[in-house]
Amino acid sequence: MSPSSSTPVLAVEGLTIAAKGGSAIVQNLGFSLKSGEIGALVGESGSGKTTVGRAILRLLSPALSVTAGSIRFEGHDLVQADAGIMRNLRGRRIGAVFQEPMVSLNPSLTVGRQMMEALLLHEAISRREARARCLDMLERVRISDPLRCFNDYPGKFSGGMRQRFMLASVLSTRPSLLIADEPTTALDAIIRKEIMDQMVELVRELGTTVLLISHDLAMLSQYSDTTTVLKGGQIVEHGDTRDILLRPRTAYMREFVAALPKRPASGFTEAAEEELVSVANLDVTFRTKPTAPFAKGGTVRAVQDVSFDVRRGEVVAVVGESGSGKTTLGRTLAGLNSATSGTLDGPCFIDSQTKAVPRIQMVFQDSHSSLDPQMTLESIVAEPLRQDRSLTNAERLARARGALEEVGLPASFCKRYVHELSGGQRQRVGIARAVVSHPALVVADEPVSALDVSVQRQVLDLLAQMRSTYGLSYLFISHDLSVVEEIADRVLVMYRGRLVEAGPRESIFERPRHPYTRRLLEATPRIFHASDDTYELAIPSTEFSDAPDGFIYYEPGSANGGGLAQMVQIDQGHQVLCTPVAGLN
Amino acid sequence: MLKTRPSGIVGMVVLALVVSAAIAGAIATPFDPTLVDFSSRLLPPSLRHWLGTDEWGRDVFSRLLSGAAITVSVAGMTTLLVTVFGALLGAFSGFVGGWFDRVVVALMDAFLAFPALVLAIAMTTVLAGSPVAPVIALAVAYMPYMVRVVRANVMTMRQRDFIAASKVMRNSAAFTLVRHIMPNTVAPVLVMATSLFGWALLAESALSFLGLGLAPPAASWGGMLADSRNYFADAPWLAIAPGVAISGALLGINLFGDFCRDYFDRKMKD
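Order-wise, the sequence lines are chains A and B. For what it's worth, full-length UniProt numbering labels the leading residue of the first sequence as 1, then goes sequentially. For what it's worth, full-length UniProt numbering labels the leading residue of the second sequence as 1, then goes sequentially.
Please keep in mind that the hints were generated in silico from the structure rather than gathered at the bench. Quick caveat, the model's predicted, so the values are computed rather than measured. Even for Gly, the Cβ is constructed at its ideal location relative to N, Cα and C. One or more hints might be untrue.
[To be verified] Between beta-carbon pairs, the in silico distance windows are:
1) B:156 / A:106: 23 to 33 Å
2) A:232 / B:101: 41 to 51 Å
3) A:469 / B:16: 48 to 58 Å
4) B:178 / A:536: 47 to 57 Å
5) B:7 / A:410: 33 to 43 Å
6) B:20 / A:83: 53 to 63 Å
7) A:147 / B:172: 54 to 64 Å
8) B:7 / A:411: 36 to 46 Å
9) B:7 / A:126: 51 to 61 Å
10) A:22 / B:254: 26 to 36 Å
11) B:172 / A:469: 29 to 39 Å
[Unchecked claim] Distance condition first, Cα-Cα at most 25 Å in a straight line; then the derived DMTMM-like pairs of lysine to aspartate or glutamate:
12) A:156 / A:194
13) B:167 / A:283
14) A:289 / B:109
15) A:34 / A:181
16) A:296 / B:101
Working from the sequences, and respecting the hints, build out all of it.
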């Protein structure tokens, strides 16, 4: 099918959704999707995009209700339709995939049983046919051993696999509309790309119309045909995706796109020669709990043989997927884990062994969890100064107030508590706490990952400003390559606990060598500023180049040559994990 | 918030009544609660004896007040002991973990295996005669509940990043415990303490009912209820007065406890 049929599959008109007795969450919203079209709904958190998706499914929380407008789907008005019709439509004609697949999957039933449930309920087919259809769907979402997955429980699989099950399950009834609400937001870049590719291929084949709800502009511009931009429950812009995102016309969209991480001008600031931290052959091993009574617990090597250094004033980014060991690496530097073997050296560590003011501070991803809810903001920020005996309490609080002001929180905030702040404000407090004692190094663990694009922009700018004011170095841990490209001087790529590639930002982004780095870059589309008000979507394609003479690239996890794998210098400061050909059997 | 929860007000009023009765009972009562007067045995309620007299001619109202003093102080002291020691032990055990935690948990589980009242009865028998016997017996019996609640709270809190942040700042474990963990466990401890007070009050009455409380002639609500059994047909006020006192006080405490829990829950969510 092609997206050419004239009557829309889904037509939303004048939709207004309000809280009971309160303000409108969505106001006078209208858009339509043609058959086979992939339409996107974009906006920041609180823009009402998820609420619209829920309203189409008639799964609004009881506190919300549709007060005006209509949602037309295949001759039904979903606002007026009675519960019986809705039950019949949901699952059969309208499918839904949400961000967290584990919430939608029942952990105590096998994958197959849950997949068959919808089919048997909605279609007059035998169990045998249903089973065959499900296995076929599993194969089509490229699950290598469908039969085994069919008979197993969802808890055994990774997030990516579960999302594949959901997709297979939802599409097995061949719905004409699929609502995908942030379907890949919780997944790593490489898996995200795989799943999006499969989803789009499948829906094009089945002719399914898709409403894709997401905040990820680069991802949307790659997959969706049309885009509707929401802000505060109202439509800001609607039209062709590429037009809206790459040639934004409204002020809001311009700001929105401009807030995306930027590719910096080439040539990077020369860091001082002074070595702040020098890590050599670091291993961090955790003991795991035994899985059965009387069994012995195993060990997990979260970080394996990692060496690098950080110079004064430099931003070193650590990238990798979840479970790559990047967070463990950062926490070890900050003193939250101890090294199993290897050495940590440098002025930062020498100072912190004496009880002086700590030279390493940390900014956490979850700003809510990282600030004590029972303390005022000024006492939170003053805490790192506690061990500076040369200061009186009043002086500590005064410096804390100074730091709060510097991160953009005026004096009126000093006596407030964490629960009174927004996410962006909380992260500012976290940054103020990290810099107030003038540390040499700040370990920032995904500091902007939980924030909306515009807030992320402010926090990134703040981090850059703090860096130039205090000459800070950052160990910037992130899974988001576009943020890393903006902020980092040097990049470390981690995969399965090992460092696979390390080098200056330009080398890593322009001339990646290791297969994993290349996969990671190719899975991360980014939007770049092309000229004054146009942007360009870059889906990097990288070229294979041979490993240095006598070596082949080593992929962590492969059986062969792990013991001999080493970082080999290939360019000025650019190293890649290889194993000598001579050592292979 | 009080406006939306009238039952909270009721609870507070009842609790205030019980506490003022206890204070009055400790200071002065209309009659000497232990004064025997055979000329006025089993009198029904009147203007002179508001709640009548018992089989020894003692004024029931005076005995109710003086009983309140004993019951409330036993329940109060039990709650105080359990709260202070239970919270400290639970917080420390949950924070340090390791073998110490395992020993504490095993010990508390062993105590929990006995019904609290049975444990208290056994302990009162051992400590027989001592005026603090019921307090110690009840404190030991209820300690595991407080330890468990606090320990569980501390263990979830230990996972929060602000505890990690405290470690990054090179704060000592003791400082982290006192500055960050303790203040954040105040809410669950207070909620637990209110229900403990109710349990202890009921248990004290039960112990005295069984004759394991303070020795007669001292008045206690449970003891009064027990003594009234033989005269129920002729003098029902003997049973009604302590009965209403016990159930009314419990209801008030529970309403207040619910209010506390909702209040802290909402504060946490904000």
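Checked hints:
| no. | hint | in the structure |
| --- | --- | --- |
| 1 | B:156 / A:106: 23 to 33 Å | 26 Å, holds |
| 2 | A:232 / B:101: 41 to 51 Å | 50 Å, holds |
| 3 | A:469 / B:16: 48 to 58 Å | 57 Å, holds |
| 4 | B:178 / A:536: 47 to 57 Å | 56 Å, holds |
| 5 | B:7 / A:410: 33 to 43 Å | 42 Å, holds |
| 6 | B:20 / A:83: 53 to 63 Å | 56 Å, holds |
| 7 | A:147 / B:172: 54 to 64 Å | 56 Å, holds |
| 8 | B:7 / A:411: 36 to 46 Å | 41 Å, holds |
| 9 | B:7 / A:126: 51 to 61 Å | 57 Å, holds |
| 10 | A:22 / B:254: 26 to 36 Å | 34 Å, holds |
| 11 | B:172 / A:469: 29 to 39 Å | 31 Å, holds |
| 12 | A:156 / A:194 | 20 Å, holds |
| 13 | B:167 / A:283 | 21 Å, holds |
| 14 | A:289 / B:109 | 22 Å, holds |
| 15 | A:34 / A:181 | 19 Å, holds |
| 16 | A:296 / B:101 | 21 Å, holds |
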